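The C-terminal residue of the sequence shown carries number 460 in our numbering, and the numbering is unbroken.
The hints are simulated quantities; they were obtained by calculation from the structure and are not laboratory data.
Honestly, I wouldn't trust all of these hints.
[Unchecked claim] For each label pair, taking beta carbons as the anchor points, the in silico distance ranges come out as:
hint, residue 1, residue 2, range
1, GLY217, PRO337, 26 to 34 Å
2, GLU342, GLU265, 28 to 36 Å
3, ASN215, VAL159, 44 to 52 Å
4, ASP324, TYR145, 16 to 24 Å
5, ARG180, GLU342, 21 to 29 Å
6, HIS397, GLU120, 42 to 50 Å
[Stated by the list, open to error] List time: in silico DSSO-like cross-link candidates among lysine-lysine, alpha-carbon distance up to 30 Å:
hint, residue 1, residue 2
7, LYS227, LYS257
8, LYS287, LYS430
9, LYS404, LYS369
10, LYS379, LYS369
11, LYS388, LYS430
12, LYS390, LYS250
13, LYS250, LYS388
14, LYS250, LYS227
15, LYS250, LYS369
16, LYS404, LYS134
17, LYS388, LYS287
18, LYS250, LYS149
19, LYS293, LYS250
20, LYS280, LYS293
21, LYS280, LYS257
22, LYS293, LYS404
23, LYS250, LYS280
24, LYS388, LYS369
25, LYS134, LYS149
26, LYS404, LYS287
27, LYS293, LYS134
28, LYS369, LYS293
29, LYS293, LYS149
30, LYS388, LYS134
31, LYS369, LYS134
The structure displayed is predicted, hence computed values, not measured ones.
No residue lacks a Cβ here, since even glycine has one placed at the ideal position from N, Cα and C.
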Amino acid sequence: MASRAAPRVLFHVDMDAFYAALEIRENPELEGKPVVVGADPHKHPRGVVLTASYEARKFGVRSAMSCVQAVRLCPDAVFVPPHFELYGRVSSEIMELLRGFADHLQPTGIEEGYLDVTTRCGGNYGRARELAVEVKAAVRKEQRLTCSVGIAPTKAAAKIASDFEKPDGLTVVEPDHVVEFLAPFSVRKILGVGPKTADRFKELGLETIGDVQGYNRQDLVELLGAFGEYVHDVAMGGDTGEVVEPSGPPESISTETTFEHDLAGYDSLWPELEALVKSLHEQLRLEKYAFRTVTLKAKYSNFEIHTRSRSLKIHTTDLEPILVLSQLLLREILIPGRKVRLIGVRLSNLQDHVAPQATLSRWSTVSKA
């Protein structure tokens, strides 16, 4: 008789309030204070929150919120400017540390990643817990930072588990308990389910993952096609997504923000978009990619979405062409008299960074959409 394969054991490791935690580590006098990484709203009223310490989050401060709104919610907030070089360097060190614990490692952002430890643990969840304790201790010792770890047989369950007891959490979801663990969570916890899809699910009476578990799979597939199949598989703990070692740049990187109040006109929107562009450029630089295409997205107050794109002749890592193209695209996309509730920017046609850099005369656009 053939032996049964060992159950998959996956970790999702997520650093706790990474940017803010690093700022506190570098400036111990900030310990215990509501720290917000972002521009001081008294000097730069158009700034956006990059992240906030847990002390600030208690007041409702969150990422992508305007710094003006953050200070309204938390008047005692301490604003510190970002130090992206520090974040990138420490992120690389942490990923290298995690690699030493994993059969396979898949970074999914500057502060998080998946580890497949099935072989290392022999499919044993008791050993997996011990290994996670070792991971957390190593991160604390080497970086003086905390992380939260979720352990499960699927990537979706592991990611949700890592967020379950933050900060400094450790949650283990054994194979026989995945369905039970996932049931109470909102369908928004499933990767790919955004506000619009969640609203559609709500119309079907599906607000929690447990609701999806009780819904006929074939009916969901008929309504939503392959996406319905994916959502049902995730809900039932049946997704088989592998931990994939990175083999090249992603298709794109992007960022967006929803405004506290809808905005109209170039003069109101450009400062918000400029902040997003600069933040996205830092991500591009830290991840060492070059781009060729810029896409702008605007969602109007009636939820209508418009997009526009421009492509360059060659790849570049420069900030200037992103700013220039974003200005052009913003002027193209705006509809006179219409208010905008969300703005976003995406960089695509990525490749690993190579020199020399493009100059202003060389990156003139060749196409638009």
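Outcome of the hint check:
1. Between GLY217 and PRO337 the beta carbon distance is about 30 Å. The supplied range of 26 to 34 Å therefore holds.
2. Range check, GLU342 to GLU265: about 34 Å between beta-carbon atoms, so the 28 to 36 Å window is met.
3. Our hint of 44 to 52 Å for ASN215 and VAL159 holds, since their Cβ atoms are close to 51 Å apart.
4. A C-beta distance of roughly 33 Å is found between ASP324 and TYR145, which places it outside the suggested range of 16 to 24 Å.
5. At roughly 26 Å, the beta-carbon separation of ARG180 and GLU342 lies within the given 21 to 29 Å, and the hint holds.
6. About 46 Å separates the C-beta atoms of HIS397 and GLU120, a value consistent with the hinted range of 42 to 50 Å.
7. Annotation: proposed proximity of LYS227 to LYS257 holds, straight-line Cα distance about 13 Å (limit 30 Å).
8. A hinted pair counts as satisfied when its Cα atoms are at most 30 Å apart, and LYS287 with LYS430 qualifies at roughly 19 Å.
9. Between LYS404 and LYS369 the alpha-carbon distance is near 22 Å, which keeps this suggested pair within the 30 Å criterion.
10. A hinted pair counts as satisfied when its Cα atoms are at most 30 Å apart, and LYS379 with LYS369 qualifies at roughly 15 Å.
11. In summary, the hint linking LYS388 to LYS430 is supported, as the alpha carbons are separated by about 14 Å, within the 30 Å threshold.
12. With a CA separation close to 29 Å, the supplied pair LYS390 and LYS250 stays within the 30 Å bound.
13. Restraint check: the Cα-Cα separation between LYS250 and LYS388 comes to about 28 Å, which is no more than 30 Å; the hinted pair holds.
14. Between LYS250 and LYS227, the direct Cα distance comes to roughly 16 Å. Compliance with the 30 Å bound is thereby established for this hinted pair.
15. At most 30 Å may separate the alpha-carbon atoms for a hinted pair to count; LYS250 and LYS369 meet this at roughly 28 Å.
16. For the suggested pair LYS404 and LYS134, the alpha carbons sit about 38 Å apart, so the restraint of at most 30 Å is broken.
17. Taken as a hint, the LYS388 and LYS287 pair is honoured in the structure, with Cα atoms around 16 Å apart against an allowance of 30 Å.
18. For the given pair, LYS250 sits about 22 Å from LYS149 by alpha-carbon distance, which is consistent with the 30 Å threshold.
19. For the given pair, LYS293 sits about 23 Å from LYS250 by alpha-carbon distance, which is consistent with the 30 Å threshold.
20. For the proposed pair LYS280 and LYS293, the alpha carbon gap of about 14 Å is at most 30 Å, so the pair holds.
21. As the CA atoms of LYS280 and LYS257 are separated by approximately 15 Å, the hinted pair is consistent with the 30 Å bound.
22. About 45 Å separates the Cα atoms of LYS293 and LYS404, which puts this hinted pair outside 30 Å; it is violated.
23. In summary, the hint linking LYS250 to LYS280 is supported, as the alpha carbons are separated by about 9 Å, within the 30 Å threshold.
24. With a C-alpha separation of about 16 Å, the suggested pairing of LYS388 with LYS369 holds against the 30 Å cut-off.
25. For a cut-off of 30 Å, the pair hint linking LYS134 to LYS149 stands: about 24 Å separates their Cα positions.
26. For the proposed pair LYS404 and LYS287, the alpha carbon gap of about 35 Å is over 30 Å, so the pair is violated.
27. A C-alpha spacing of about 42 Å is found between LYS293 and LYS134, which places the hinted pair above 30 Å, so the restraint is violated.
28. The hinted pair formed by LYS369 and LYS293 fails the criterion: a straight-line CA distance of about 36 Å is larger than 30 Å.
29. For a cut-off of 30 Å, the pair hint linking LYS293 to LYS149 stands: about 28 Å separates their Cα positions.
30. Pair hint LYS388 plus LYS134 holds up; C-alpha atoms about 28 Å apart against a cutoff of 30 Å.
31. Distance restraint check for LYS369 and LYS134: the Cα-Cα separation of roughly 17 Å lies within the 30 Å cut-off, and the hinted pair is therefore satisfied.
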